[in-house]
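6 protein chains.
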Amino acid sequence: MLLVPLPTILIEPIVRQTLLEDLGRAGDITTDAIAPAGCVARTVMAARQEGVIAGLDLAALAFKLIDPAIRFKTMLADGASVTPGTAIAMIEGPARGMLSAERVALNFVSRLSGIASATAKLSAAVAHAKARIVCTRKTTPLLRAIEKYAVRAGGGANHRFGLDDAALIKDNHVAIAGGVDEAIRRVRSHVGHLVKIEVEVDTLAQLEEALIAGIDAVLLDNMSLDDLRRGVELINGRAISEASGRVNLETAPAIAETGVDLISVGWLTHSAPILDIALDLLD
Amino acid sequence: MLLVPLPTILIEPIVRQTLLEDLGRAGDITTDAIAPAGCVARTVMAARQEGVIAGLDLAALAFKLIDPAIRFKTMLADGASVTPGTAIAMIEGPARGMLSAERVALNFVSRLSGIASATAKLSAAVAHAKARIVCTRKTTPLLRAIEKYAVRAGGGANHRFGLDDAALIKDNHVAIAGGVDEAIRRVRSHVGHLVKIEVEVDTLAQLEEALIAGIDAVLLDNMSLDDLRRGVELINGRAISEASGRVNLETAPAIAETGVDLISVGWLTHSAPILDIALDLLD
Amino acid sequence: MLLVPLPTILIEPIVRQTLLEDLGRAGDITTDAIAPAGCVARTVMAARQEGVIAGLDLAALAFKLIDPAIRFKTMLADGASVTPGTAIAMIEGPARGMLSAERVALNFVSRLSGIASATAKLSAAVAHAKARIVCTRKTTPLLRAIEKYAVRAGGGANHRFGLDDAALIKDNHVAIAGGVDEAIRRVRSHVGHLVKIEVEVDTLAQLEEALIAGIDAVLLDNMSLDDLRRGVELINGRAISEASGRVNLETAPAIAETGVDLISVGWLTHSAPILDIALDLLD
Amino acid sequence: MLLVPLPTILIEPIVRQTLLEDLGRAGDITTDAIAPAGCVARTVMAARQEGVIAGLDLAALAFKLIDPAIRFKTMLADGASVTPGTAIAMIEGPARGMLSAERVALNFVSRLSGIASATAKLSAAVAHAKARIVCTRKTTPLLRAIEKYAVRAGGGANHRFGLDDAALIKDNHVAIAGGVDEAIRRVRSHVGHLVKIEVEVDTLAQLEEALIAGIDAVLLDNMSLDDLRRGVELINGRAISEASGRVNLETAPAIAETGVDLISVGWLTHSAPILDIALDLLD
Amino acid sequence: MLLVPLPTILIEPIVRQTLLEDLGRAGDITTDAIAPAGCVARTVMAARQEGVIAGLDLAALAFKLIDPAIRFKTMLADGASVTPGTAIAMIEGPARGMLSAERVALNFVSRLSGIASATAKLSAAVAHAKARIVCTRKTTPLLRAIEKYAVRAGGGANHRFGLDDAALIKDNHVAIAGGVDEAIRRVRSHVGHLVKIEVEVDTLAQLEEALIAGIDAVLLDNMSLDDLRRGVELINGRAISEASGRVNLETAPAIAETGVDLISVGWLTHSAPILDIALDLLD
Amino acid sequence: MLLVPLPTILIEPIVRQTLLEDLGRAGDITTDAIAPAGCVARTVMAARQEGVIAGLDLAALAFKLIDPAIRFKTMLADGASVTPGTAIAMIEGPARGMLSAERVALNFVSRLSGIASATAKLSAAVAHAKARIVCTRKTTPLLRAIEKYAVRAGGGANHRFGLDDAALIKDNHVAIAGGVDEAIRRVRSHVGHLVKIEVEVDTLAQLEEALIAGIDAVLLDNMSLDDLRRGVELINGRAISEASGRVNLETAPAIAETGVDLISVGWLTHSAPILDIALDLLD
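Protein chains in written order, with the numbering used here: chain A, 1 to 283; chain W, 1 to 283; chain U, 1 to 283; chain B, 1 to 283; chain V, 1 to 283; chain S, 1 to 283.
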């Protein structure tokens with residue numbers, strides 16, 4: 001999967017609104033008092049931790065929206081690996097805007113780099129198998145598009161982006177429909193021809209029912225390694241297989257070895273810690 | 001600190017926008033296909049993990065904004081402790097809306113409860129001292145107000161809400177001003193009479209400079225326990241003392257025992273994992 | 001395909017903004033001058049033309065947003081057929097709000113019913129074959145979600161809703177990639193597992209290339225009936241087949257008889273005339 | 001009537017929102033996969049049909065908002081006539097942005113050009129008389145300002161822009177007021193001195209009543225040609241005369257010959273088909 | 001002129017945004033600390049000064065948007081006269097919301113009542129003549145619609161609401177066109193049939209030029225009383241006459257006695273002091 | 001207090017929305033008709049009255065947002081004093097945009113300069129004492145940030161910006177809490193460590209109670225000069241003292257001489273008349 005930057009038109013409203021959230025009504029009263037109008041500063045954005053970078057466009061935009069005179073020069077691109085001390089970007093220009101936008105810029109980069117780093121680590125743990133790491137809809141409210149981007153920056157792939165771009169039949173849906181087969185039937189007759197359908201199954205019996213009904217992908221939820229293996233055999237290429245539940249760095253390798261196509265992990269977007277990144281004043 | 005609910009007018013735009021983020025252009029195509037118009041469901045929101053709950057108003061609003069016919073009855077209030085299995089709320093009404101809003105509701109409650117739970121744990125770790133746990137501006141973009149609320153729900157206190165409601169002189173400000181004393185002087189002559197001023201100091205020498213200049217609060221950043229202790233003595237009640245840097249469950253008790261008034265922790269809002277909470281269909 | 005109402009949260013911003021567009025800064029100065037505060041009116045929304053109705057929820061919302069005291073009682077549901085004179089809804093309440101919202105309500109219903117009616121007519125023309133009528137992205141700016149809904153109300157199906165919910169490789173994409181095969185390869189390695197891929201082909205040679213590369217759907221653009229027929233044979237169930245180009249009431253039956261699965265028509269959303277619907281004052 | 005471009009500040013929100021409607025959460029996944037970052041393209045926007053062009057500023061803005069590096073060079077101006085093959089604009093720059101904005105740009109230009117073309121045709125049909133073609137408030141929700149502009153581009157004139165910039169007393173208003181005279185009286189005593197008042201009349205008796213009351217303009221609705229002629233005589237220059245109802249290319253000339261000042265046509269904005277315009281890749 | 005309430009849909013965004021401006025990120029921290037959840041209060045909104053009331057709907061909305069449980073019962077209507085001590089409204093309900101919305105509610109009512117009161121005083125000063133007091137476009141940014149409403153509440157009339165609902169040819173326009181006659185000619189050939197045209201003239205020579213060209217209204221700017229009188233004679237009913245410049249309580253009566261139809265005063269909306277209104281806690 | 005410009009990101013939404021309020025749906029129809037596309041104009045913004053200027057950034061932005069080709073060159077800066085005739089800024093560029101944005105630009109500058117001028121006059125009146133003039137929350141809805149800025153431009157200081165950045169215990173709060181002491185206690189235990197607390201007192205007894213409870217600032221409301229003097233003695237440096245009530249140019253000097261630190265005046269933002277400023281066409 002290529003890492004294509006998100007269009008500015010998509011991310012600008014998020015960055016702008018976040019700056020306004022921080023500036024409040026009166027703006028950066030500390031910096032306004034301290035940095036004179038003509039004061040220029042040079043800072044370096046640097047990693048304090050090992051990981052993978054994501055979100056530099058959002059940081060660049062934060063500085064630009066505060067003051068277009070600030071130059072943000074990246075030393076590496078989203079998706080790059082860093083170690084403690086790696087220089088990520090050089091920032092030069094009016095000190096006022098630089099200090100005022102610093103926290104917002106760092107909040108974006110450290111959060112998205114945290115997601116990218118967690119994805120990269122998990123992807124490395126399953127690199128010996130064909131399984132890819134994918135994220136879920138358990139994303140931070142209002143940040144889904146940029147968090148899904150961070151997953152891609154870390155080498156992972158994306159599950160659906162919302163309730164409308166693919167159908168995912170979950171346990172509650174099956175319960176309401178009265179069975180896997182009926183649920184699939186209802187969805188298939190409802191959605192357009194360019195919508196894929198996935199069904200979540202908890203047992204091999206449900207899996208067989210789904211395969212008979214015909215399905216694009218199956219989510220094997222919380223299954224034992226044995227069941228996952230048998231599930232993959234049963235599917236036998238007729239659908240994409242996705243494992244989920246209790247995935248972490250320790251369990252992922254064995255799950256991947258069952259032969260599933262995808263391993264989905266909510267943790268990447270709802271609980272990955274940030275990557276420690278800071279802005280240091282030069283000279 | 002009392003836990004007063006945020007006014008609906010403040011949180012509704014966030015919940016509404018998050019629902020729209022998930023619904024996209026076509027809405028919940030899976031549920032629309034499966035749940036007939038008249039179908040009614042009863043679900044229980046339940047904890048899967050031990051922790052402290054926060055964000056129930058946002059969950060209630062998510063269901064109400066999707067379908068006002070859904071009744072959301074809380075079994076406990078924000079700030080309450082739960083253990084695996086604790087019923088948090090009963091939800092009853094049209095199945096369509098309930099399933100469509102489920103993920104958004106859970107994303108809010110599990111994230112905010114994660115913050116509350118982390119705060120509560122850290123607060124408990126310093127309960128033998130007078131220090132209170134406070135959060136920082138390292139919050140999730142666009143969610144600052146509700147994350148600061150979650151910190152209060154967990155028994156913590158709030159640092160400033162943005163760049164404009166208090167002055168915090170940080171290392172880069174001191175560098176630009178050319179010294180702690182000059183930085184404080186510039187800020188004091190700039191801000192209004194209802195604005196408090198805090199200065200970040202790295203050394204006891206800087207602390208002395210700040211105390212001579214006169215200051216409302218000092219942030220003792222990354223100091224050794226010894227220095228913290230000496231700092232508290234030096235301050236001797238003339239300013240509020242706040243410790244920060246490398247705070248976690250292991251280090252917090254000793255930091256608190258130095259006698260500082262506050263311990264600030266960015267981790268609470270930027271890296272606390274969510275609290276596992278789910279929605280189970282009843283009968 | 002079931003006709004499930006769009007969630008209010010999705011359509012309310014559109015209706016609200018459209019009312020504001022009409023009210024301007026000073027509101028309905030004519031009605032304000034003429035209808036006294038307590039004046040109550042009863043009107044009937046009635047068809048003046050044969051067709052299929054769509055958009056009643058938007059009309060109901062227009063009246064409700066102007067004045068919640070107005071009662072909008074539908075006599076039939078979206079998707080219903082009408083003939084000249086058919087009563088669609090009874091509206092009762094304060095005359096001021098009713099007259100002020102009348103044009104906005106009618107603009108929504110007549111436009112969406114125009115789309116539904118055109119879709120229904122075209123669907124009827126191909127009812128003897130298996131082909132379904134689908135719309136395109138040639139929709140009115142800002143109204144895509146409700147126009148796609150109107151197509152469903154008329155018995156048609158929806159193509160993708162935007163650039164992000166399915167991949168559609170068009171002629172310009174093929175030109176840039178340097179061939180159908182390479183274009184498919186690039187897209188497949190880029191998109192997530194729940195994204196379907198369709199390719200537009202102009203010749204049977206391109207179609208063969210696409211089928212060898214493997215593809216979910218093919219758009220047979222502007223092909224002769226003979227080529228369409230041969231194309232369907234070639235595909236032989238390995239992909240969904242969609243015909244487009246010069247589709248109208250006269251050409252559609254023969255196109256459908258070639259055996260294609262779908263016939264896509266931009267005309268439904270960019271050029272269908274409205275259905276004539278009016279509001280008549282009763283007694 | 002001069003054709004003055006709409007200020008960018010008025011049209012940018014519409015174009016921006018329409019791009020976001022199409023990009024969704026993930027952007028243009030097809031083009032992102034296919035067009036490499038540095039890939040540059042040259043395309044020509046060309047007419048496929050005879051007509052009059054409108055909306056080039058909106059198209060230019062669509063490309064600029066996606067990528068400011070795209071150059072959009074118009075070959076002719078809004079209001080110009082085209083025949084099949086006429087080059088309208090040359091577009092050069094990054095292929096990614098160009099393909100991503102193509103559909104939105106075309107949706108604007110083809111829709112507005114459709115309105116301009118219909119207006120021009122109808123205007124030509126009445127060119128032998130003094131009557132001018134005017135549009136109504138039956139415009140597309142959210143697009144009123146740009147559709148009224150398109151009518152001007154086609155040589156037509158604009159009726160009022162909303163409920164607040166002029167008073168139009170319609171049949172339902174007359175019914176509530178209890179008569180034409182009383183309706184006019186109420187409105188005149190209510191509105192400001194810079195607001196014109198028009199009244200819709202169905203009969204010559206009503207027309208006489210209106211003229212006695214004094215009025216700026218009369219809308220002669222659905223009258224026979226004889227009645228229109230008699231109406232114009234009756235008015236005798238004391239008010240602007242406007243005919244409406246059942247206006248089309250066949251009926252318009254005779255209506256114009258009755259001597260009315262204006263002929264208003266809802267069809268121009270609610271039902272005119274688009275003008276077929278396409279983007280062709282060069283070399 | 002009737003005083004018709006502005007539709008809620010027009011004023012709600014203003015009130016909502018103003019509440020958010022005051023609540024900031026953390027809400028009303030004082031009231032939250034002091035007023036317990038169940039605490040109920042009764043307050044009376046009362047005048048402290050003689051004047052005319054306007055804006056009660058905005059105040060009512062401020063309380064309702066903060067807490068729908070608050071009841072706002074008006075004792076009189078917009079346009080009513082008050083003296084010090086007059087009870088305007090009784091407010092009952094949860095103390096928290098009441099205190100949090102108090103300032104916003106008062107800011108609206110006192111400002112709009114200030115405008116209404118100034119208008120009423122000036123109108124009374126010219127009551128012996130036929131002239132009416134009208135406002136201008138010199139309104140507070142973002143509050144034009146409600147300030148124009150306040151002028152109506154005070155018995156005045158409204159000039160145009162913006163640059164688009166009527167044409168007003170001012171001195172700079174005349175200078176650019178090269179003369180009054182040419183300016184009128186250009187505007188008349190540009191605007192629609194429902195747009196009135198007014199021209200500002202500084203001399204009687206310009207006035208004659210305007211009358212020959214034909215015009216709906218003339219703005220006699222900064223003329224002496226003698227010139228105003230001669231201007232009115234010259235016009236002789238052929239256009240509406242409006243005087244402006246140096247209008248105040250002392251000069252207005254004589255200006256009115258010159259026979260002009262309208263006297264326009266920017267002061268009403270840009271400089272009228274507020275009417276002192278307060279909220280008193282009962283029992 | 002330094003006068004630091006507000007960040008563009010904070011003021012642009014206000015200026016943009018105000019332009020849209022004036023342009024309406026059709027834009028500046030007068031100027032569009034009169035000023036040809038290529039017509040260039042030079043104007044000077046000049047004072048007609050003595051006072052202090054504020055808001056030039058908003059005026060500059062109004063012209064820039066209408067047409068970036070307009071150059072706005074300031075001759076002096078916000079905070080500068082002017083006399084009748086002082087040139088404030090030279091504006092050069094396309095006449096269309098210049099005339100279309102003129103009123104909005106002037107509305108901002110004249111209003112904010114009115115506030116700055118009133119503040120400067122009042123500040124001069126108390127220059128012989130240490131008291132500073134401060135504003136209140138009685139600001140114009142939606143304009144608080146820029147009005148507080150104008151107060152700073154006039155040499156005044158700012159009170160809190162909203163309900164959330166400082167605690168102000170008012171009479172109604174005291175009544176609900178049952179006393180000054182209890183009110184202070186409740187607030188202190190609720191707010192964060194960077195929030196200052198002020199209490200409004202009407203009597204010296206209440207003042208003593210507040211001082212015993214400990215407080216950051218006291219608002220001595222509507223006290224006699226004698227009581228103010230005694231209050232200042234009582235406080236004796238233990239809190240900031242602020243006087244309010246019946247402050248004007250006549251009363252301010254004596255109030256200042258009582259020794260209070262601050263004098264707060266709602267009048268500055270709710271009732272100060274504008275400063276007369278105009279735009280004159282050059283050559």
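A couple of the hints might just be wrong.
[As the list claims (entries may be wrong)] Label-pair ranges, simulated between beta-carbon atoms: (1) GLU208(A) - GLN17(S): 38 to 48 Å; (2) ARG188(U) - ALA37(W): 20 to 30 Å; (3) PRO84(A) - ALA37(S): 36 to 46 Å; (4) ASP171(U) - GLN17(S): 56 to 66 Å; (5) ILE212(V) - PRO36(U): 56 to 66 Å; (6) ASP171(S) - MET90(W): 40 to 50 Å; (7) ASP171(S) - SER81(W): 38 to 48 Å; (8) ARG185(S) - GLU250(W): 33 to 43 Å; (9) PRO68(S) - HIS128(A): 22 to 32 Å; (10) VAL40(W) - THR203(A): 51 to 61 Å; (11) LEU282(U) - ARG185(V): 21 to 31 Å; (12) GLN17(S) - PRO84(V): 32 to 42 Å; (13) ASN248(U) - ARG185(V): 41 to 51 Å; (14) THR203(A) - ASN248(U): 43 to 53 Å.
[To be verified] Here are the simulated PhoX-like cross-link-like pairs (lysine-lysine), alpha carbons at most 20 Å apart as the crow flies: (15) LYS170(S) - LYS64(B); (16) LYS64(A) - LYS64(S); (17) LYS64(B) - LYS64(A); (18) LYS64(W) - LYS121(U); (19) LYS64(U) - LYS64(V); (20) LYS73(V) - LYS64(W).
Derived by calculation from the structure, the hints in this document are not laboratory data.
Think of the CB as a built atom: it goes at the ideal place given N, C-alpha and C, for glycine as much as any other residue.
Hints, one by one, checked against the model:
1. GLU208(A) - GLN17(S): 38 to 48 Å: 60 Å, violated
2. ARG188(U) - ALA37(W): 20 to 30 Å: Violated - the Cβ-Cβ distance for ARG188(U) and ALA37(W), about 38 Å, lies outside 20 to 30 Å.
3. PRO84(A) - ALA37(S): 36 to 46 Å: Check failed, 59 Å falls outside 36 to 46 Å.
4. ASP171(U) - GLN17(S): 56 to 66 Å: Given a distance of about 42 Å, which is not inside 56 to 66 Å, the answer is violated.
5. ILE212(V) - PRO36(U): 56 to 66 Å: 43 Å, violated
6. ASP171(S) - MET90(W): 40 to 50 Å: The hint (40 to 50 Å, Cβ to Cβ) holds, given that ASP171(S) and MET90(W) are roughly 43 Å apart.
7. ASP171(S) - SER81(W): 38 to 48 Å: 39 Å, holds
8. ARG185(S) - GLU250(W): 33 to 43 Å: Distance hint for ARG185(S), GLU250(W) holds at roughly 36 Å.
9. PRO68(S) - HIS128(A): 22 to 32 Å: Since PRO68(S) and HIS128(A) have Cβ atoms about 57 Å apart, the given range 22 to 32 Å is violated.
10. VAL40(W) - THR203(A): 51 to 61 Å: 27 Å, violated
11. LEU282(U) - ARG185(V): 21 to 31 Å: 49 Å, violated
12. GLN17(S) - PRO84(V): 32 to 42 Å: 37 Å, holds
13. ASN248(U) - ARG185(V): 41 to 51 Å: At 48 Å between Cβs, range holds.
14. THR203(A) - ASN248(U): 43 to 53 Å: This hint holds: roughly 51 Å between Cβ atoms.
15. LYS170(S) - LYS64(B): Given pair LYS170(S), LYS64(B) is violated - Cα atoms ~53 Å apart, limit 20 Å.
16. LYS64(A) - LYS64(S): Cα-Cα ~18 Å, so holds.
17. LYS64(B) - LYS64(A): This hinted pair holds, its Cα atoms lying about 18 Å apart.
18. LYS64(W) - LYS121(U): 39 Å, violated
19. LYS64(U) - LYS64(V): Given pair LYS64(U), LYS64(V) holds - Cα atoms ~18 Å apart, limit 20 Å.
20. LYS73(V) - LYS64(W): Roughly 28 Å separates the two Cα atoms, so the pair is violated.
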